[in-house]
Amino acid sequence: MADLSTTFLGISSPNPFWLASAPPTDKEYNVRRAFEAGWGGVVWKTLGAEGPPVVNVNGPRYGAIYGADRRLLGLNNIELITDRPLEVNLEEIARVKADYPDRAMIVSIMVPCEEQAWKDILPRVEETNADGIELNFGCPHGMSERGMGAAVGQVPEYIEMVTRWCKQYYKRPVIVKLTPNITDVRYPARAARNGGADAVSLINTISSITSVNLDTMSPEPSIDGKGSHGGYCGPAVKPIAMNMVAEIARDPETRGMPISGIGGITTWRDAAEYISLGCGNVQVCTAAMTYGFRVVEEMKAGLSRWMDEKGHASVQDFIGQAVPNVTDWQYLNLNYVAKARIDQDACIKCGRCFAACEDTSHQAIAIKPGRVFEVIDEECVACNLCVDVCPVQDCITMEQMAPGTVDPRTGRVVEAEYANWTTHPNNPAAAKAAE
Amino acid sequence: MADRQLENGIVPGRLPEDTLAANFADLHPAFAPHEAAVAADRCYFCYDAPCVTACPTAIDIPLFIRQIQVGQPEAAARTIFDQNILGGMCARVCPTEQLCEQACVREAAEGKPVEIGRLQRHATDAQMRKSGHPYQRGARTGKSVAVVGAGPAGLACAHRLAMLGHDVALFDAREKPGGLNEYGIAAYKTPEGFAQAEVEWLLGIGGIALHHGKMLGRDVTLRELQDDHDAVFLGMGLGGVNALRAPGEDKTGVRDAVDFIADLRQASDLAALPVGRNVVVIGGGMTAIDAAVQSKLLGAETVTVAYRRSRAEMSASGFEQDLAAARGVRLMFNVQPVAVHGNGAAAEIELAYTTSRDGGLQPTGETVRIAADQVFKAIGQTLVAAPDGLTLTGGKIAVTGPGRTGLAGVWAGGDCAAGGDDLTVTAVAEGRDAALDIHASLTR
Ligand SMILES: Cc1cc2nc3c(=O)[nH]c(=O)nc-3n(C[C@H](O)[C@H](O)[C@H](O)COP(=O)(O)OP(=O)(O)OC[C@H]3O[C@@H](n4cnc5c(N)ncnc54)[C@H](O)[C@@H]3O)c2cc1C
Ligand SMILES: Cc1cc2nc3c(=O)[nH]c(=O)nc-3n(C[C@H](O)[C@H](O)[C@H](O)COP(=O)(O)O)c2cc1C
Ligand code: SF4
Ligand code: SF4
Ligand code: SF4
Chain A
2 MADLSTTFLG ISSPNPFWLA SAPPTDKEYN VRRAFEAGWG GVVWKTLGAE GPPVVNVNGP
62 RYGAIYGADR RLLGLNNIEL ITDRPLEVNL EEIARVKADY PDRAMIVSIM VPCEEQAWKD
122 ILPRVEETNA DGIELNFGCP HGMSERGMGA AVGQVPEYIE MVTRWCKQYY KRPVIVKLTP
182 NITDVRYPAR AARNGGADAV SLINTISSIT SVNLDTMSPE PSIDGKGSHG GYCGPAVKPI
242 AMNMVAEIAR DPETRGMPIS GIGGITTWRD AAEYISLGCG NVQVCTAAMT YGFRVVEEMK
302 AGLSRWMDEK GHASVQDFIG QAVPNVTDWQ YLNLNYVAKA RIDQDACIKC GRCFAACEDT
362 SHQAIAIKPG RVFEVIDEEC VACNLCVDVC PVQDCITMEQ MAPGTVDPRT GRVVEAEYAN
422 WTTHPNNPAA AKAAE
Chain B
26 MADRQLENGI VPGRLPEDTL AANFADLHPA FAPHEAAVAA DRCYFCYDAP CVTACPTAID
86 IPLFIRQIQV GQPEAAARTI FDQNILGGMC ARVCPTEQLC EQACVREAAE GKPVEIGRLQ
146 RHATDAQMRK SGHPYQRGAR TGKSVAVVGA GPAGLACAHR LAMLGHDVAL FDAREKPGGL
206 NEYGIAAYKT PEGFAQAEVE WLLGIGGIAL HHGKMLGRDV TLRELQDDHD AVFLGMGLGG
266 VNALRAPGED KTGVRDAVDF IADLRQASDL AALPVGRNVV VIGGGMTAID AAVQSKLLGA
326 ETVTVAYRRS RAEMSASGFE QDLAAARGVR LMFNVQPVAV HGNGAAAEIE LAYTTSRDGG
386 LQPTGETVRI AADQVFKAIG QTLVAAPDGL TLTGGKIAVT GPGRTGLAGV WAGGDCAAGG
446 DDLTVTAVAE GRDAALDIHA SLTR
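One line per chain: the protein sequences are A and B, in this order. Counting in the working numbering, the first sequence runs from 2 upward without gaps. Counting in the working numbering, the second sequence runs from 26 upward without gaps.
For the record, the hints were derived by calculation from the structure and aren't laboratory data. Please read these numbers as outputs of a predicted model, since none were measured by experiment. Please note that a few of the clues may not be correct.
Unchecked claim - Distance windows between CB atoms, simulated:
#1 G96/B <-> P325/A: 20 to 28 Å
#2 A367/A <-> D51/B: 53 to 61 Å
#3 Q394/A <-> K239/B: 48 to 56 Å
#4 G312/A <-> A234/B: 29 to 37 Å
#5 K172/A <-> A164/B: 57 to 65 Å
Don't be surprised by glycine CBs; every beta carbon is placed ideally from N, CA and C.
The following block holds chain A by itself, in its conformation from the complex:
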């Protein structure tokens, strides 16, 4: 059996599955039950400064996007940071950490962008014996209107400054949680590194409106007829989050910096994908909020089984294994030629491939008598659209053309050598280099 235990920034946990800072980690009761259910660690729901805590709305704070059978695909929330007193949270954190020394306990913090505010809270967090802190620079709603959360996360200089204060006033590891509500995530990641962060975690939620009620003309979730943009999370955000993770993992300025992956992780496979893109562990929120704490059982059993199949003895073995294969478009092999192939035995003759290709792509599928759908090699550019719309798995496949054969579309011989855009004759920059 593969070893799921991980050490992230020197913090060990029995498995790489942590609960992200959110309602599941809002109080002692939840966190104890989460640990009993088998979660490897938690990032406690974000703490604010001393004083009267923030208040939440008293109406719906979530909106959702569903599949046809009400499978929850995306969740949106307008919840703020913890609305419980700082003192209560700190006492609970200390108590739970003492009772679960083998689990990771990270404290998420969000206080105003003033040195004194951080100087005040950090020693108190340190007293709890928690293993580290996570700086919430990501919350896109409410808190950002008050100059915190995403308002900080969108200004790299602020990130660097606050991170530096934290490294100065706090001895244990500092994780900077990034917002996806930014054009290029590498800038805040670099700022975190420059400020001395031990790791980054991402993503926090994405600003969103899930739906509009067409009777009341209010966005959902609606509070007394009005809505506010919220933070989007759940399975739908995974592709966006994974790209951001990969960008940081392969950026020369941040390469090697530990990453905690967050965003839509629902199954063992999601976790394995994040880890292969360079994450040392993963954090989960929506999956736990949708299915309950027990969902981690599948994640653990599944990851361990897959690792056994692949011969990975520990999680460490495959961290970042996919990173070298994430590259820029300009380096993709333009001499790689493929054609779509339809398996006539598997085809159910729905015609979706035809509609897609004929109406919106390259007119490369023909309907023959008897509704037989066939690819026209002279036209097929191997775009993959037909594969993506075909309802039958593996019915259409992309077959690589062997080097030496002639591509009937271009009339050119398929070459064995790798060649990319940087040297392509149509590239003005390449032409210049050749002159």
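Given the coordinates of chain A, assemble chain B with the ligands onto it according to the supplied hints.
Chain B with the ligands alone, transformed into the frame defined by chain A:
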């Protein structure tokens, strides 16, 4: 060939071989991968799921279905086998419409439960296709346990004991192990030699010595087993059958349904198996339905199930009743046999109409005769030759808790033990739980 269909009497070859093959094909065929994905997607991963409560072996159904959803049917199989080592057979034979699927929240919501049984088959098939056995024996304890009966109860008990490191001597009176999995379950529920393949796979854990053709009471006594082993588990099922107590019961053509089914299950060539032209089955349980449906599938022209009480009281489920009706079996209610008529061989059966009054059955006075060259008795099985010293209750071995009999060091489970439904899955649960209790007592 086909003209034999209308031949009177009990004759073989009523139907051509390809028709027979089609008739006896899998009742609940395996899912294709896409079908499994769609079926699995319907599960809600319920909290404290009612389907789990309804499963006698308490398989973690939401977890195993989720494991199918995420593309790991073998992990799903592991979840199933952890609770029920005969999960493969149960997937095929459990009356899910009365168990897990009846309890599924989507049955209540839409009348269309998650297809738990077929998903369970999808998972267990995936694991059993692989070579090797998925469990390893624990450290040897040096203890030895005798298990009597290699049916579901005995097999589940033996496997769990072997897993826990004990040595098991498994005795069965019959030639082949499997109990009713091999000799009783309808052929179309477990085709293609699955019962033997499953036993072989199960024994793959090691540490279980199978002694077939060894009958308790004939070849070995309970006293001897107690002397030679540290504990004994009795899982010998119900070997006897109730009698009809109607005149004419001794005529040729009148038979126990379980014997007919056992012959059918063991037949290498169904075309060689004789069946009547007009078959009447007496009874109202699973055995009656199975005998009736299989007679029909063999080519009997008319098949009637005659049950003495009302439809609502029939123990065969609505699904089984519908299955019989769909195969062309006629279900008669509130009729009981009075006599079998015929000159040496059965030709007709006389049934008396009944009515329920004050909890008892009363004849209405009206009778009916129907053609019957073959009559199957399916009015319940009985425990035969229970070893001396055991307390019986309601004709079965009395047990407390996880199968403890009145005799120290002797446990019992499955059909031969009192309590619980007479189902494969219940036998598995009882065998497993007795094993855990035996283990606790041996390692105390
Ligand atoms: C016709 C029929 C159809 C059925 N269909 C279904 C179904 O579809 N689904 C379902 O869930 N249940 C069904 N059942 C019920 C199910 O088969 C039983 O509940 C289950 O097999 C009981 O398991 P067991 O291990 O207690 O006994 P059995 O399966 O009866 O096994 C007992 C074993 O003990 C052996 N044995 C008996 N006496 C001795 C002795 N003295 N010494 C040594 N060995 C002995 C026998 O040879 C046998 O192998 C059916 C039953 C019948 C009769
Ligand atoms: C209701 C809710 C409240 C959240 N509150 C916080 C928070 O207080 N601090 C924080 O850093 N992230 C917060 N998040 C973001 C999550 O920690 C996580 O980054 C995000 O939901 C993406 O992960 P997921 O797709 O697994 O849900 C919250 C998310 C939700 C749904
Ligand atoms: S989930 Fe619980 S707290 Fe939230 S609205 Fe429903 S009942 Fe109320
Ligand atoms: S989309 Fe797929 S199934 Fe439909 S016609 Fe095309 S190849 Fe056949
Ligand atoms: S009751 Fe139905 S939907 Fe709920 S967990 Fe069980 S199978 Fe799934």
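Each hint, compared with the structure:
1. G96/B <-> P325/A: 20 to 28 Å: This hint holds: roughly 25 Å between Cβ atoms.
2. A367/A <-> D51/B: 53 to 61 Å: Cβ of A367/A to Cβ of D51/B: about 39 Å, so the range 53 to 61 Å is violated.
3. Q394/A <-> K239/B: 48 to 56 Å: 51 Å, holds
4. G312/A <-> A234/B: 29 to 37 Å: Holds, at about 36 Å.
5. K172/A <-> A164/B: 57 to 65 Å: Given about 45 Å between the Cβ atoms, the range is violated.
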